[in-house]
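So the sequences go chain by chain: Z and Y.
Residue numbering for the first sequence is 1 to 592, as defined by this note's numbering.
Residue numbering for the second sequence is 593 to 981, as defined by this note's numbering.
There may be inaccurate statements among the hints.
What the hints assert, rightly or not - Chain Y stretches covered by chain Z per the calculated footprint, using a threshold of three residues with CB under 8 Å from any CB of chain Z: (1) 616-627; (2) 803-815; (3) 844-857; (4) 886-898.
It is worth saying that the hints were derived from the structure and are not from the lab.
Where a beta carbon is used, it is the ideal one built from N, C-alpha and C, also for glycine.
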Amino acid sequence: MLALAVAAGEAFLASSLRRVQVAESAAFARDQLRQSVRRVQMPGPRGRIFDRNGLCLADNRPSYCIAYYVEELRQRGPWIRTIDAVDADIDRLAGVLGVPRQLSRASVSNHVLFSLPMPLLAWRDVGQETLARWAEAQESFPGVDVYVQPERAYPQGTLAAHVVGYVRRDRPLPLPGERFHFYLPEMFGTNGVERQYNALLTGHSGGQLIRVDARGYKHAVWEGDPAVAGRDLYLTLDANVQRALERALKGWRGAGVVLDPRNGEVLALASSPAYDPNDFVPSISAGQWRRLLSDEALPLVNRAIQGRYAPGSTFKPVTAIAALLRPGFDPEETYPCEGVFVLGTMRLRCWNTYGHGPVALRKGIEQSCNSYFCHLGQTVGYEAICEQARLLGLGQKTGLDLPSENAGLLPDAAQKERSGGGRWRPGDTCHLAIGQGQLLTTPLQMAALTAAFANGGTLVRPFLARYERQPEKVRELGWPTQALARVREGMRDVAALGTGRRVQVRGVEVAAKTGTAEYDSGGVRRKNTWVTAFAPFAQPSVAVAIVVENGESGGLTVAPMVREVLVAALGEAPPVPGEASPVTEPLPLGGD
Amino acid sequence: MKAWLLRFRQLNPVLLASMVGLCVLGVLFVYSACSVREDPELRLLYMRHAEVAVAGLVAYLLCAWCNYRSLLKGIWPFYAATVGLLVLVPFIGEETMGARRWLFGIQPSELAKLAVILALAWLYGRRGARRGPAAFFLTLVIVGVPGLLILLQPDLGTAMVLVPTTLAMLYAANVAPRLYWTSVAAGVAVAAAVLGAVYAAERVEMPQERRETLLRATGLRRHQLNRLQVFLFPDKDLHGRGYNRRQSEIAVGSGGTWGKGYLKGEQYLLGYLPPSVSSNDFIFAVLAEEAGFAGSLTVLLLFLGLLWPGLWVAYRCQDDMGRLFCVGVVALIFSHMFINIAMTIGIMPITGLPLPFISYGRTFMLTLMVALGLVQSVSIHGREAETRF
Numbered sequence: 001m002l003a004l005a006v007a008a009g010e011a012f013l014a015s016s017l018r019r020v021q022v023a024e025s026a027a028f029a030r031d032q033l034r035q036s037v038r039r040v041q042m043p044g045p046r047g048r049i050f051d052r053n054g055l056c057l058a059d060n061r062p063s064y065c066i067a068y069y070v071e072e073l074r075q076r077g078p079w080i081r082t083i084d085a086v087d088a089d090i091d092r093l094a095g096v097l098g099v100p101r102q103l104s105r106a107s108v109s110n111h112v113l114f115s116l117p118m119p120l121l122a123w124r125d126v127g128q129e130t131l132a133r134w135a136e137a138q139e140s141f142p143g144v145d146v147y148v149q150p151e152r153a154y155p156q157g158t159l160a161a162h163v164v165g166y167v168r169r170d171r172p173l174p175l176p177g178e179r180f181h182f183y184l185p186e187m188f189g190t191n192g193v194e195r196q197y198n199a200l201l202t203g204h205s206g207g208q209l210i211r212v213d214a215r216g217y218k219h220a221v222w223e224g225d226p227a228v229a230g231r232d233l234y235l236t237l238d239a240n241v242q243r244a245l246e247r248a249l250k251g252w253r254g255a256g257v258v259l260d261p262r263n264g265e266v267l268a269l270a271s272s273p274a275y276d277p278n279d280f281v282p283s284i285s286a287g288q289w290r291r292l293l294s295d296e297a298l299p300l301v302n303r304a305i306q307g308r309y310a311p312g313s314t315f316k317p318v319t320a321i322a323a324l325l326r327p328g329f330d331p332e333e334t335y336p337c338e339g340v341f342v343l344g345t346m347r348l349r350c351w352n353t354y355g356h357g358p359v360a361l362r363k364g365i366e367q368s369c370n371s372y373f374c375h376l377g378q379t380v381g382y383e384a385i386c387e388q389a390r391l392l393g394l395g396q397k398t399g400l401d402l403p404s405e406n407a408g409l410l411p412d413a414a415q416k417e418r419s420g421g422g423r424w425r426p427g428d429t430c431h432l433a434i435g436q437g438q439l440l441t442t443p444l445q446m447a448a449l450t451a452a453f454a455n456g457g458t459l460v461r462p463f464l465a466r467y468e469r470q471p472e473k474v475r476e477l478g479w480p481t482q483a484l485a486r487v488r489e490g491m492r493d494v495a496a497l498g499t500g501r502r503v504q505v506r507g508v509e510v511a512a513k514t515g516t517a518e519y520d521s522g523g524v525r526r527k528n529t530w531v532t533a534f535a536p537f538a539q540p541s542v543a544v545a546i547v548v549e550n551g552e553s554g555g556l557t558v559a560p561m562v563r564e565v566l567v568a569a570l571g572e573a574p575p576v577p578g579e580a581s582p583v584t585e586p587l588p589l590g591g592d
Numbered sequence: 593m594k595a596w597l598l599r600f601r602q603l604n605p606v607l608l609a610s611m612v613g614l615c616v617l618g619v620l621f622v623y624s625a626c627s628v629r630e631d632p633e634l635r636l637l638y639m640r641h642a643e644v645a646v647a648g649l650v651a652y653l654l655c656a657w658c659n660y661r662s663l664l665k666g667i668w669p670f671y672a673a674t675v676g677l678l679v680l681v682p683f684i685g686e687e688t689m690g691a692r693r694w695l696f697g698i699q700p701s702e703l704a705k706l707a708v709i710l711a712l713a714w715l716y717g718r719r720g721a722r723r724g725p726a727a728f729f730l731t732l733v734i735v736g737v738p739g740l741l742i743l744l745q746p747d748l749g750t751a752m753v754l755v756p757t758t759l760a761m762l763y764a765a766n767v768a769p770r771l772y773w774t775s776v777a778a779g780v781a782v783a784a785a786v787l788g789a790v791y792a793a794e795r796v797e798m799p800q801e802r803r804e805t806l807l808r809a810t811g812l813r814r815h816q817l818n819r820l821q822v823f824l825f826p827d828k829d830l831h832g833r834g835y836n837r838r839q840s841e842i843a844v845g846s847g848g849t850w851g852k853g854y855l856k857g858e859q860y861l862l863g864y865l866p867p868s869v870s871s872n873d874f875i876f877a878v879l880a881e882e883a884g885f886a887g888s889l890t891v892l893l894l895f896l897g898l899l900w901p902g903l904w905v906a907y908r909c910q911d912d913m914g915r916l917f918c919v920g921v922v923a924l925i926f927s928h929m930f931i932n933i934a935m936t937i938g939i940m941p942i943t944g945l946p947l948p949f950i951s952y953g954r955t956f957m958l959t960l961m962v963a964l965g966l967v968q969s970v971s972i973h974g975r976e977a978e979t980r981f
C-alpha cells in the first residue's frame, strides 16, 4: 500500500513535469521572452523638406546631449537610493559644466522607475563650450556620456514658417498590450506640412531588442531591425517668390498666396507676422509659447488659409461673370453712377462721391464702381451670383495639403435664416455683388478664384507637395470664351488704367483687381485691403491674392506688394526709355 | 583494512548511491543558483552545502554501523531536548521574514521531524506495544506538542509535513484502524472546508465583513491565506502574491526537454526567480530550467532510489521498531519531495518545504542524512534476530 502510494506519487509528478516541460514548454518559453525582452524603438532620421529649386527648408542636425546611463549608477537597496544618487550627480555635473539643471527631480525619478534602460538626457542640445568642459571632466563622472540625437533645424528661419510648420518631441504611445516596452521620444509634425506629411517624413522606426532583468536593468542588447530614414519632401514653393511675398508683407498683418494657375502649384504662401520654427527645437520654452499665444497679432495663425476676410471689390469679377452668363444681358448697356446707389431706404455710397457717370461693364470693373455692381446684382439676382461663387469654390475648403484650412462663408437665403439674420433682402444681394456683407473668404480661396479667371475657366486644386500630389482640376466652369474675355479685359484695364496701376511690371502685361472691404472692429471702421492679380495676361503663369489688414486701400497698400511678387516670379525687363513693349511670353524666372 | 571494506559491503548500495547523487546535484545547483548573488559569502553557499554533505556522510556512516536498536533506546532524551529547543525558539530565536525559526544556527523544527519519527517508532516498535485508541491519542500528544510549537513560529509547511509522516507510520503499525480512518476522513473534510471557504470568499458575492469573517474562521494567517488564494486563482495577482509561483512555473516550463544548459538558466540569472528563494525552496525550478525534463526525471529516479530501497528495508526488517522507522523516513522524504516539486509547478499551494538533499538548508540536510544512516543501520542489523537485543 505504501509502496503503491510512493509509486503513484512519483508517476504523478513525472507526468505533471512532462506536461509542463515538454507539452507546454513553448508557451512558457514565450512567456519568459515576453517578460524579459523589450523592444526599443529607434526613430529613423526625419525626412528633409525642400522648395522646388532644392533649397532646404527643414533639415536635421546632430544635437549633443549629456546623458546618464542610470544602470551604471545603480545603488543597492530601494530605488530611492539610485534616484538620489543620480540626482546628486546631476547637481555636481551642473556645477562643473556651469549650466543650470534642465531636469527636475521628478523627471529623474520617472525615468529611473519607468524607462531605466534608456539614456537619461540630462542636458539636451548643449553647445560647444559645454561639450569642451565635459571632455575635461569626463573622468570623474562614470555612467555619463554624450548622446547624439537628430534634431530638427530650419535653416531658412521664418521663411515659409506657416507652410513648413514645426515639430514637437514626444514619447510615442506604446502599442496596446505592451505595458513594459520602452520608446525613445520621437518627433511629430505639429503644424504645416510637417504635420500633413508626418507619416512620410517620419519613415520607419527601427527596433532594438533589449534583455532586461527583473529589476529593469539592461542585461544584453540584441540586434534589431535598423532605423530607416524618412523620405524627403519636395514642395512646389519657390523660395524666391516666397521671400518676396514675405518681405512685402513685413510689418503688416496680412497674408498672400501665389499659385500657378495652370496646375494649382502653390508658389508662395505667407502669413504675417510669422514665427521662427527653430524656437520649437528641441522644445519651446513656456514663456516663449505663452508670448506666441497671447500676441494679438496672432503669429501662430496661418492667415492665408485660416483668415476669413470679406473680399470686397475683388469679388466683382464673379458678379460680372454671373451677369454675362445671363441670356440677354448687354455688357455695353450703361448705368448712370451718381456716387450713391439708392435701394428703398438704403443708400450705398460709391467710393467716388461725385459719381462715375454712365458706366458699362468694362468700365465698371476698371473703376470698381459700386453703383454699377449693385445694379448688376439687382438685375441678375443673388442666386446666379451665389451659384458662380460656389462653382469657384467659395464657402468650401480648397483641399490644399495643409492642416486646419478654413472654408470661409458664402451666404445665401437659407444660410441667413439659419443663422438668425432673417429674410434675404435686396440689400443683401447688393452687398454680395460688391463682396461685402456676410461673405467671407480666405486668401487661398481668392487666389484659386483668380487662377480660374487666369487659366480660362478651370478651378484647380492648389497643392504643396510636388511629388505626393498630382495637379487636379476641381471643375471646368464652362464659361463662354466671350464672357470670360470681357471680365479679363476689365481686369487688365484695372492694372493698366484703373485702381491697380501700381501692380504694373515692365515687360509683363498684368491683370488685377483691387478691393477694400470695410468692417467694423469694436466701433472703429477698419479696412481690409486686397489685390488679386494674374500675369502674364495672354498665358498666365502666376495668380496672386494678397490681403492686408487695416491698409490704406488695395491700390495703394497692396498693389506694390503684388508687383514685387510678380517681379520675383516673372522678372522685369530692363527700363527702355520711351517704350513699353507688351511681352506675352513669360520671362525666365529671375532672382531677387 | 579488510574489515573496513567488509563494513562498506554491508551498506545498501542503491540507498547510498542515490543519496550521494542527490547531494552532488544539490551542490551543483546551489552553486548555479548562488552564482548571481553579489554578496561573496552567499556566492560560496555551495561550499557550505558541500561541507554539510561531507559531515552528513560521516554521520551517516557512523549511524549505519551502529545498531539502531541501542540508539533508539536513547530516544526520549533526544525528543525532550528537541521540544525544549522548540520552546526556546519563540523567546531567543533569530527572527527572519516575520518568523522565528533559528536557534544557535540550527532549525529545531527540522530536528523535530526526526524526533517524532523516532518517538513513534519506539512507541509502537517495542515489544508488547499497545495499539488501541489510547495509543492513538498518545500519538496525538507526541506529534501535537512539537507540531503546535512549529505552527507558532509560524511554519505551517513543516508542521503539515508531520501529518502524512505520522499517518504513514500509524498505518504501517496498524494502530486503531477505525479511529485512524475516521480521523483521516475528518482531516480531509477540514482541508476541503478551508479550501472551500477561501474559494467562496473570492468567488461568491458577499459583503466585505462577511468575507473577512469567513477567512478568519479558517484559522489561517494572512500569508497562508494568500498562498491558498494564489493556488486556487493562479492568474489573479501575477506581479504580487502570485509572482513566485508564476516565475517558478515559467522556469520549469521554459526548460523544455533537455534544458538550457548548466549555468544558463535565465529565470534566476535575470532575477525573475527571486535569489532569496532560488537556492532553497525553489531550487527545483533552477534545476528544471537548466537540465530540462531529463534533469527532472533524473531527480525523480534518484528519489525513487531512496524510497524504494527504504521500503524494501522496512519489509525485510525483523522487528517493528526498525520497520516503522524506515516507513517514517520514507514518508518524510516522499512528502517533502512531492510537495516541493508540486508547488514549483503550481499544482500544490506554496509552502516553505525544502527539496531533500538539493535545497540549501543545513539542519534539514544533516537530519535527513542521520535518518538515512539509521535506515542503513536497519538494513544491516534489522535482519538479525531480535533475541540478541
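Tested hints:
1. 616-627: That given contact is violated, which follows from only 0 residues of the region 616-627 of chain Y lying within Cβ reach (below 8 Å) of chain Z.
2. 803-815: It is violated, with 0 qualifying residues against the three required.
3. 844-857: holds (count 6)
4. 886-898: Answer holds; 5 residues pass the 8 Å Cβ test.
Violated hints, in rising order: 1 and 2; the structure is consistent with all others.
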